[in-house]
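Dock chain B against chain A, hints included.
Number of protein chains: 2
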Amino acid sequence: MVNITMLGCGGNVPSPSRFCSCSLINYKGKKILIDCGEGTQISMKNLGTGFKGIDLVLITHLHGDHINGLLGLLSSLGNAEKRDPLIIVGPKGIKRAIKAMMILWEGLPYGLNVIENPIGKFSVNMPIYNEIEIDVLELEHSVECLGYSLYFKRNRSFSVKKALFNNVPKSLWKNLQKGQTFYYNNKTYTPDMVLDKERKGIKLTYVTDTRPIKEIETFAKDSSIFICEAMYSDDMDIGKAVKNKHMTFRETCNLANKSNSKKLLLTHFSPSVSKPELFEDFTKSLFKNSIIAYDGITIEIPYED
Amino acid sequence: MVNITMLGCGGNVPSPSRFCSCSLINYKGKKILIDCGEGTQISMKNLGTGFKGIDLVLITHLHGDHINGLLGLLSSLGNAEKRDPLIIVGPKGIKRAIKAMMILWEGLPYGLNVIENPIGKFSVNMPIYNEIEIDVLELEHSVECLGYSLYFKRNRSFSVKKALFNNVPKSLWKNLQKGQTFYYNNKTYTPDMVLDKERKGIKLTYVTDTRPIKEIETFAKDSSIFICEAMYSDDMDIGKAVKNKHMTFRETCNLANKSNSKKLLLTHFSPSVSKPELFEDFTKSLFKNSIIAYDGITIEIPYED
Numbered sequence: 001m002v003n004i005t006m007l008g009c010g011g012n013v014p015s016p017s018r019f020c021s022c023s024l025i026n027y028k029g030k031k032i033l034i035d036c037g038e039g040t041q042i043s044m045k046n047l048g049t050g051f052k053g054i055d056l057v058l059i060t061h062l063h064g065d066h067i068n069g070l071l072g073l074l075s076s077l078g079n080a081e082k083r084d085p086l087i088i089v090g091p092k093g094i095k096r097a098i099k100a101m102m103i104l105w106e107g108l109p110y111g112l113n114v115i116e117n118p119i120g121k122f123s124v125n126m127p128i129y130n131e132i133e134i135d136v137l138e139l140e141h142s143v144e145c146l147g148y149s150l151y152f153k154r155n156r157s158f159s160v161k162k163a164l165f166n167n168v169p170k171s172l173w174k175n176l177q178k179g180q181t182f183y184y185n186n187k188t189y190t191p192d193m194v195l196d197k198e199r200k201g202i203k204l205t206y207v208t209d210t211r212p213i214k215e216i217e218t219f220a221k222d223s224s225i226f227i228c229e230a231m232y233s234d235d236m237d238i239g240k241a242v243k244n245k246h247m248t249f250r251e252t253c254n255l256a257n258k259s260n261s262k263k264l265l266l267t268h269f270s271p272s273v274s275k276p277e278l279f280e281d282f283t284k285s286l287f288k289n290s291i292i293a294y295d296g297i298t299i300e301i302p303y304e305d
Numbered sequence: 306m307v308n309i310t311m312l313g314c315g316g317n318v319p320s321p322s323r324f325c326s327c328s329l330i331n332y333k334g335k336k337i338l339i340d341c342g343e344g345t346q347i348s349m350k351n352l353g354t355g356f357k358g359i360d361l362v363l364i365t366h367l368h369g370d371h372i373n374g375l376l377g378l379l380s381s382l383g384n385a386e387k388r389d390p391l392i393i394v395g396p397k398g399i400k401r402a403i404k405a406m407m408i409l410w411e412g413l414p415y416g417l418n419v420i421e422n423p424i425g426k427f428s429v430n431m432p433i434y435n436e437i438e439i440d441v442l443e444l445e446h447s448v449e450c451l452g453y454s455l456y457f458k459r460n461r462s463f464s465v466k467k468a469l470f471n472n473v474p475k476s477l478w479k480n481l482q483k484g485q486t487f488y489y490n491n492k493t494y495t496p497d498m499v500l501d502k503e504r505k506g507i508k509l510t511y512v513t514d515t516r517p518i519k520e521i522e523t524f525a526k527d528s529s530i531f532i533c534e535a536m537y538s539d540d541m542d543i544g545k546a547v548k549n550k551h552m553t554f555r556e557t558c559n560l561a562n563k564s565n566s567k568k569l570l571l572t573h574f575s576p577s578v579s580k581p582e583l584f585e586d587f588t589k590s591l592f593k594n595s596i597i598a599y600d601g602i603t604i605e606i607p608y609e610d
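Listed in order, the protein sequences are those of chains A and B.
Counting with my numbering, you get residues 1 to 305 for the letters of the first sequence.
Counting with my numbering, you get residues 306 to 610 for the letters of the second sequence.
Here chain A stands alone, though its shape is the one from the complex (with noise of 0.2 Å):
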């Protein structure tokens, strides 16, 4: 299982209510952070997530809202007693603002991996997280942005009826389960022969900010949960979402559709849509399984079967 906690869900400036941009994910004991605007390890004080355990910052873009927590969160991490690397994902020009930050603050107790404007699939090759596959997409805003696409993927279970079916010596049973092929008296034993058919894992899709483009509705296919910007509650508002390069409620619920994802959680809230809440009757009428977020929400999401 994955939850996802949103630490802020305000767009452009943070208000009383809102704080900027931060999402966290939690999986297996380690987490990622999605963004990190200011405020972020406060929220994360007053939710009381703990500092531990995060090897991993996805960064959509380089405004202020999205960045401007990064440098008390490096910060905070070094406090917590981290000494692991931190690999921290962003477009082009993340590598210029973190050698920015680091003029800032000298002297983090670990090192710092900076990957810039990754282009398609990769994974970060540590324990837990090699389990993660993600996918980039350019998107459309004011300024190079990326959506980030995780899946999450599940092992196949162990089939003792397949592995007794197939006559596998129980002393093989645990390595082909970890993947390995075995020659053993005569016979190859491959890991299909133990376990149980695929399982589809968790995708967790993660857009903002920008205009809806037609390629979100690939990135996001068929995601198990698409966190999606909504920066405009108001249908009226298309004119501000096109000049800003930002969306209205009703183009991110379009995009949940098209990409036929089975949950949607809106958030990136204009400060001038002050009770965005208000409008959840109007997201479900547009696509049912949304949900408007506020600091402080966590969503569970289960594998599938």
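Hints are supplied without guarantee of correctness; some may be wrong.
Among chain B residues calculated to face chain A with C-beta under 8 Å, some are [claimed, not checked]: (1) Val318; (2) Pro319; (3) Ser320; (4) Gln346; (5) Ile347; (6) Lys350; (7) Thr354; (8) Gly369; (9) Asn373; (10) Gly374; (11) Ser380; (12) Ser381; (13) Arg401; (14) Leu409; (15) Leu413.
In case anyone wonders, no lab produced these hints; they're calculated from the structure.
We put the CB at the ideal spot given by N, CA and C, even for glycine.
Just chain B now, kept in the frame of chain A:
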């Protein structure tokens, strides 16, 4: 009258109930910020202080809990239609830090004038701000750190009685009051001939982060209000205070006594001090007119006469 609002009273890292160091001084419609920790602009929104009228920011030192909110604030000042230059004063390294911030946030719609490590007293040459004399003291912290003492000068009041006694023509009254001298009908008229005696201004001294060095006593001498760090409430934490270059509540109160300050506002509490307000009886026993600060407290500082 001057007033000061504490936007953040937390030392080191923000805690759920305390943002990082930041104070907002109001004087005749103008605002001065001292320090700008993460969450400053959030606290300003919570308290509804507004972003207009800030032309001067004084930074004590370059630790994250004192500057990490500056980037977001600079951006929000631009959103609040600031177009006049902002003056930022800070210790050695402030120019480099601001330069780094400008890599992260290009295109501010107003200019920045950065004054690095000023020595002695200075004034800012802008209306209203030029009524304030700012004194600077090098403190004793783990990095270069400045204390600020602001003296809000008070105009002498106009005395009709004195003007009449000195036979000053009415046509000269206004300009004499402004400080001009006139030679008129073979006689010299000076401001002294229409102005009452000198009046005491308001002295606001702000000292954080530091050990209680002797020089602070003179620097804060006769302050109307002495705002001072008080990292540790417990006398037993003196070892930590010495090691981390901070103060205990007792040391802070001692400085208030020795400087003959009228009022003491204790701030910059360690995250380990969860309820500093519980120590107010203790601080009052050491320095009668002491107040334990909290986020959002506003203190009005009237003229003494």
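Proposed interface contact between leucine 409 of chain B and chain A, which counts if any beta carbon pair is under 8 Å: Holds, because the Cβ-Cβ distance from leucine 409 of chain B to chain A comes to roughly 5 Å (cut-off 8 Å).
Cut-off 8 Å, beta-carbon criterion: hint that serine 381 of chain B touches chain A: Check passed: Cβ of serine 381 of chain B comes within 6 Å of chain A, closer than 8 Å.
Given hint isoleucine 347 of chain B near chain A, where the shortest CB pair must fall under 8 Å: Constraint on isoleucine 347 of chain B satisfied, holds at 5 Å.
Chain A contact restraint for valine 318 of chain B - C-beta distance below 8 Å: holds, 6 Å
Chain A contact restraint for glycine 369 of chain B - C-beta distance below 8 Å: Status holds, d = 5 Å.
Evaluation of the interface hint that places asparagine 373 of chain B against chain A, nearest CB under 8 Å: holds, 5 Å
Interface restraint verdict for glutamine 346 of chain B against chain A (beta-carbon cut-off 8 Å): holds, 6 Å
Status of the leucine 413 of chain B interface restraint (C-beta, 8 Å, chain A): violated, 11 Å
Supplied contact hint for arginine 401 of chain B, tested at 8 Å Cβ to chain A: Holds - the Cβ of arginine 401 of chain B comes within 8 Å of chain A, reaching about 6 Å at its closest.
Interface hint status, proline 319 of chain B versus chain A (Cβ within 8 Å): holds, 5 Å
Restraint satisfaction for glycine 374 of chain B [CB to CB of chain A, less than 8 Å]: For glycine 374 of chain B, the interface hint holds, since the closest Cβ of chain A sits about 7 Å away, which is under 8 Å.
Restraint check, 8 Å cut-off on beta carbons, for serine 320 of chain B near chain A: With a closest approach of 6 Å, the serine 320 of chain B hint holds.
When held up to the earlier numbered hints, the structure conflicts with 7 and 15 and fits the remainder.
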